[in-house]
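Novice: Spelled out from the first residue to the last, the chains are:
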Amino acid sequence: MAENKPLIQVKNLKEYFNISTGWLTTVPLKAVDDVSFDIMKGETLGLVGESGCGKTTVGRTILRLYEPTSGEIWYDGKKIEDKKTVKEFRKHATMVFQDPYSSLNPRMTVSDIIGEPLDVYKMYENAAERRERILELMAYVGLNSEHASRYAHEFSGGQRQRIGIARSLALKPDFIVCDEPVSALDVSIQAQVINMFDELQEKLGLTYLFIAHDLLVVRHISDRIAVMYLGHIVELADSNEIYNHPVHPYSKSLISAVPLPDPKAARANKRIVLSGDIPSPLNAPSGCPFRTRCSHACEACAGEMPPLKDVGGGHLVACHRIGDI
Amino acid sequence: MSMLEVRDLHTSFFTDAGEVKAVNGISFDLDEGKVLGIVGESGSGKSVTAYSVMQILAGTGKIVSGSIKYKGTELVGSGESVMKTIRGNKISIIFQDPMTSLNPTYTIGHQLMEGIMMHTGRNKKEARERAIEMLRLVNVNEPEKRMKQYPYEFSGGMRQRVMIAMALSCEPDILIADEPTTALDVTIQAQILELMKKLQEELGMAIIMITHDLGVVAQMCDEVIVMYAGSICEQGTADEIFYNPCHEYTKGLMRSIPTLDDEFKRLKPISGTPIDLLNMPAGCPFAPRCENAMKICLSQKCERMQINEDHAAGCWMNVKKDFEKTGGKAAEE
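For the protein sequence lines, the chains are B and V, in the order given.
Residue numbering for the first sequence follows the numbering used here, starting at 1 and increasing by one per position.
Residue numbering for the second sequence follows the numbering used here, starting at 326 and increasing by one per position.
Source of the hints: derived by calculation from the structure; they are not laboratory data.
One thing to keep in mind: the hints can contain errors.
Stated by the list, open to error - Straight-line Cα separation of at most 25 Å, PhoX-like style, residue types lysine-lysine; simulated pairs:
#, chain 1, residue 1, chain 2, residue 2
1, B, 264, V, 576
2, B, 270, V, 523
3, V, 523, B, 264
4, V, 359, B, 270
5, V, 415, V, 359
6, B, 264, V, 522
7, V, 359, B, 264
8, B, 122, B, 172
9, B, 270, V, 522
10, B, 203, V, 522
11, V, 645, V, 593
The following block holds chain B by itself, in its conformation from the complex:
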């Protein structure tokens, strides 16, 4: 159902945080380093990677929760730059957070939590209209109207995540950044919430940036997937394509590391186990960031970061050794 028109365009986005290392000395932590991608209207783009790879920072920077160090974000053909466009943009783009326990104010009732964005943007004429809209939003996410006057602590994790989703839908957005929305939930509840994301997308024509580390979940929900490593996108392709034919050595090992819920397949699966840990982004390796853990690394890899190259059908890979491996 994805249309061929980009809704969100991210161009050469960089986000550096200054980390203080001593009196008046700071070093930049390159959380996101030159990332570009488009998200089509009605599409779900999955963003995967290990902790510290910058996937959450990408999501937050797109919504301008962080001011980007450099680079551009375009929404529906318009560049997001000054305060006015940011405020307008945030009407159309919202966020669902990872932790349903800390992302809801414990002193507010459910109806106030969901109604807050409506208050900020004055989206109603009178109190009755506000209430009606809140109840409509609660119905979208499967909450009963009697829940409206309760507080967040009275709900389970899955229900809290529903409240968070209702809040993100309040402004009738087109685009939602979902930052690990199901990783804090139990398996049986996780499936309920994933289905809800699917249904809402169909009903409301939403576009998602779905950030997660659970690759089975991401593959299930996404049309395309981008794999990040140390602030860079190393591979981007259709989700089936990336699962069946990963090209970048990092994507290959990441996908083979997924424990399959099937004993026979697990026994047959030849795992590519990476040695070592992800390097600190404070002193990332020169050139390709993955070269220190890559079994195919050569001299060229230490030189410069390989650009994303199309290997056919929009399958983008950033690797110096595409042809050789």
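Following the hints, position chain V against chain B.
Specialist: Relative to the frame of chain B, chain V by itself:
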């Protein structure tokens, strides 16, 4: 004789709001050199089962009744002096969070040597050698140097390796791993699981693997126990549980995980939320969420029944199926 025999174990927490029956009458055996997986969602009692075996229940928690036998020796009510010779020596545990289970104020070496000196009576020098040997075994580079470092200087995966080294340093017969890889990234998880499997084959210990991740179970376990609300719903070999689930809850769990070949079908989630352990229903604890629940499910809990020699489950649906198959002959059982 099994290495570990648990019979009708009941563990409760006595809170201000009332008695929470976290583990409600479970029984299982663990044989030598086997990997037993315990799967369940939060609050299903899987960790409490492990803590009961180790007798490290926090505050208000208490083993109410039941028996836990290690090589024929009863552990319930055996007293702290007996448990001290078992804990960390015969049965070891690895906790979920490698970030908080090491003491930040002591060096890794100190913490590793402490257990070795206490249980094996080695002197400091021998204990140091053993600790270095253990670190090498779990693939920590430059163990001599690492011994002098503090936990904050280790990454998550490295800390979990240290925890494994510590747990294995006294050559236990049983290793309990309580969600050992939940806090780790997939590639690091793969490293740790690989390592545990290798060590298990080399050292021949039995492992109880507690997890909510069915993928980890499929990869690691010979036998599987599925827990819900403090009870065992289903128990059997990994192949039986994955390919022939016989409890409605297990079936629901299997349907709710995305797989690699699901071709983007909708998942079929289990509706509702886990029950409140303070208000347990009279019948099957899963009945309120079960789409096939019958009248009897709400009033009476189904006893565990043998499906075949490798597989047992407690679900009235199996009785119904038998009933339909035999045309009512087995109905009175």
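Novice: Now, for every hint given, state plainly whether the structure supports it.
Specialist: Against the structure, the hints come out as follows:
| no. | hint | in the structure |
| --- | --- | --- |
| 1 | B:264 to V:576 | 18 Å, holds |
| 2 | B:270 to V:523 | 15 Å, holds |
| 3 | V:523 to B:264 | 19 Å, holds |
| 4 | V:359 to B:270 | 22 Å, holds |
| 5 | V:415 to V:359 | 15 Å, holds |
| 6 | B:264 to V:522 | 16 Å, holds |
| 7 | V:359 to B:264 | 18 Å, holds |
| 8 | B:122 to B:172 | 13 Å, holds |
| 9 | B:270 to V:522 | 15 Å, holds |
| 10 | B:203 to V:522 | 46 Å, violated |
| 11 | V:645 to V:593 | 23 Å, holds |
Violated hints amount to a single one, hint 10; each of the other numbered hints is respected by the structure.
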